[in-house]
Amino acid sequence: MTSTRSATIFALALLAPALIYILIIVAYPLFDTILLSFTNASLKAGYDFVGWANYQRIFGVGNFTEVILRTIIWTFFSVSLKMVIGMAGAVLLNAAIPGQALFRILTMPPWIVPMAIGIYMWSWMYNGQFGMISGLLQNFGLVGGPVAWLAYGHTAFWATIVTDVWIGVPMVTIYFLAAMQSIPKDLYEAAWTDGAGRGYRFRRITVPLMVPAIITMSLLSLIATFNSFDIIWILTQGGPSGSTTTMIIDTYKTAMGSRKYGEGAARAVVICIFVSIFCLVYFRAVRKLQQGEAK
Amino acid sequence: MSFHDAKATLPPGANPLAATASSVATLSKPKTKARSTKAMIDRYQWYEITALYAGIAVFLFFVLSPFIEGFLVSLKPLAQLFSTPYSFIPKTWSFDAYVNMWTSVPALGLHIFNSFFISSVVTLIVVIIVVPAAYSFARFNFVGAGALLGMFLAVNMFSGAVLLIPLFRLMRAMGLLNTYFAMIVPGAAFLIPSSIWLLRTYMLRIPRELDEAAWVDGASRLYTLRRVILPLAMPGIVVVSIMTFIGAYAQQFIFALTFNSKTEFMPLPVGLFAFFGKQEVVWNELMAASFVGILPVMIVIIFLQRYLVAGLTAGAVKQ
Chain A
765 MTSTRSATIF ALALLAPALI YILIIVAYPL FDTILLSFTN ASLKAGYDFV
815 GWANYQRIFG VGNFTEVILR TIIWTFFSVS LKMVIGMAGA VLLNAAIPGQ
865 ALFRILTMPP WIVPMAIGIY MWSWMYNGQF GMISGLLQNF GLVGGPVAWL
915 AYGHTAFWAT IVTDVWIGVP MVTIYFLAAM QSIPKDLYEA AWTDGAGRGY
965 RFRRITVPLM VPAIITMSLL SLIATFNSFD IIWILTQGGP SGSTTTMIID
1015 TYKTAMGSRK YGEGAARAVV ICIFVSIFCL VYFRAVRKLQ QGEAK
Chain B
-1 MSFHDAKATL PPGANPLAAT ASSVATLSKP KTKARSTKAM IDRYQWYEIT
49 ALYAGIAVFL FFVLSPFIEG FLVSLKPLAQ LFSTPYSFIP KTWSFDAYVN
99 MWTSVPALGL HIFNSFFISS VVTLIVVIIV VPAAYSFARF NFVGAGALLG
149 MFLAVNMFSG AVLLIPLFRL MRAMGLLNTY FAMIVPGAAF LIPSSIWLLR
199 TYMLRIPREL DEAAWVDGAS RLYTLRRVIL PLAMPGIVVV SIMTFIGAYA
249 QQFIFALTFN SKTEFMPLPV GLFAFFGKQE VVWNELMAAS FVGILPVMIV
299 IIFLQRYLVA GLTAGAVKQ
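As you go down the protein sequences, you meet chains A and B in turn. Note that this note's numbering numbers the first sequence so that position 285 is 1049, with each residue one more than the last. Note that this note's numbering numbers the second sequence so that position 252 is 250, with each residue one more than the last.
Hints are not guaranteed to be accurate.
Simulated pairs of lysine-lysine, BS3-like, Cα-Cα distance not exceeding 25 Å [what the hints assert, rightly or not]:
| no. | chain 1 | residue 1 | chain 2 | residue 2 |
| --- | --- | --- | --- | --- |
| 1 | B | Lys260 | A | Lys1017 |
| 2 | A | Lys1017 | A | Lys808 |
| 3 | B | Lys260 | A | Lys808 |
Derived from the structure by calculation, the hints contain no laboratory data.
Could you put the whole structure together from the sequences, leaning on the hints where they help?
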């Protein structure tokens, strides 16, 4: 188009509503979080700047490093399981067998129902006395007595991971499935003509060509999982005795439970730093993949 | 969560447009098997078929068991729920929960409506804001466009939970606490970036020549957007609307929990807390209410599922 200057003005005018909205509702709170993290803000009106005191407190006293470590382990297992199960699901749903279309639809519900409602269902399934998992395991004689999954630290830790995986798997599966279907069919046909078996074709064609999809999905999933709140909050509220307290839960408890806004903000800033690092890695990866494609 | 360029996810040489189209097509109707290499390559031995169906059964059991169990729970009387030994199938079937839930939580109908209402308003706001922004990013290579787009995407990575404290203060300052808008306004904000990304991808596929032809014919920029681009981008806008609605519908929890305490504005996920009584949770009614609450939206979404796949394939990601 001709005049670049008026084009720029028009472009910015079109962007303005989105920009203003995001600046007010996301950018300003982000800035405010950083600001608050240097104050002793609480329920009381007014606050003073306290310098690095909040940061010194969270890293000095208590178990913040333990919380960070736990968050990393929780996220690692959750993301890995999502990728593995999602890939398995995509392979299964990609097979040309009767019922394929129906199976694909049946994969979606965890993704489209309100997360909280899916989690309520899980919280009943985990019930030790009367829940399905403990109940069925007892019926099949696999465990001696009732297992209250959410009552013990290590089982609660895994229970929250399983539910997180359950919510994430449909999206990963459908995404991998779409990536799988975009692989040119003639590659498989050529390999098949040359006598390559199904396993060989999967290893030598599917997996290498899916690498970009796997990388992008793992990184996106990593960020979402790291920020996961609803699941743990509804199932355990971070308990028992802190065994499922991830950084997000920890921040929420400090800020909304104890109403220590300043200290909560400092914890939130640490989360933001982690997320920013993931973000940078993600953007770099996407750029690399695009460059690779351009060649 | 976020979107990213569809291209990045596709193998070298693949055309993202064709990939989207074909995956949508194959999902809606399984391909008819012609007598060609394609049919032969897809031929399975009996043990392979068995293994595939067994695998799918295990996979779908994992995905669907909470729903199956939840549904069976809704059909069991409470006394039977709280009895041992466990039985998966109800011993006595009862639809009482579906009747009683309306009296034990009188606002249930309102909660169901609120969920739908909040998601609809969020979707409306997002679409109105996103259409011009996506067009702007798709067509005008102004200075800083790349950086701005990157900023929008970065916003996506921060969850509402992290920014809860300042958001709470902001909502209080704006006088929005305990209103619908306390859930709508922040809810929309975190869905805007990904929607811009998705719609931009769609708009990039509309040939630039059309804009230029309209321009040559003397149409103003705004007229071009309204009369040339909008109709052509309609399928993309539909996908974005559905993705946004699901995003808004699925994630109603933390803002509703923190920014609103009035029963009449609560969406379903938070309204269901009413079934968590002081002594015990009324599980059968809770499950019955969940199913009745999500059913209308579920049915609609099942019919629209091919758009969901299109949205995901173009790089949409929700969690």
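Hints, one by one, checked against the model:
The hinted pair formed by Lys260 (chain B) and Lys1017 (chain A) meets the criterion: a straight-line CA distance of about 22 Å does not exceed 25 Å. A C-alpha spacing of about 18 Å is found between Lys1017 (chain A) and Lys808 (chain A), which places the hinted pair at or below 25 Å, so the restraint holds. This hinted pair checks out: Lys260 (chain B) and Lys808 (chain A) have alpha carbons roughly 23 Å apart, not beyond 25 Å.
Of the numbered hints stated above, none is contradicted by the structure.
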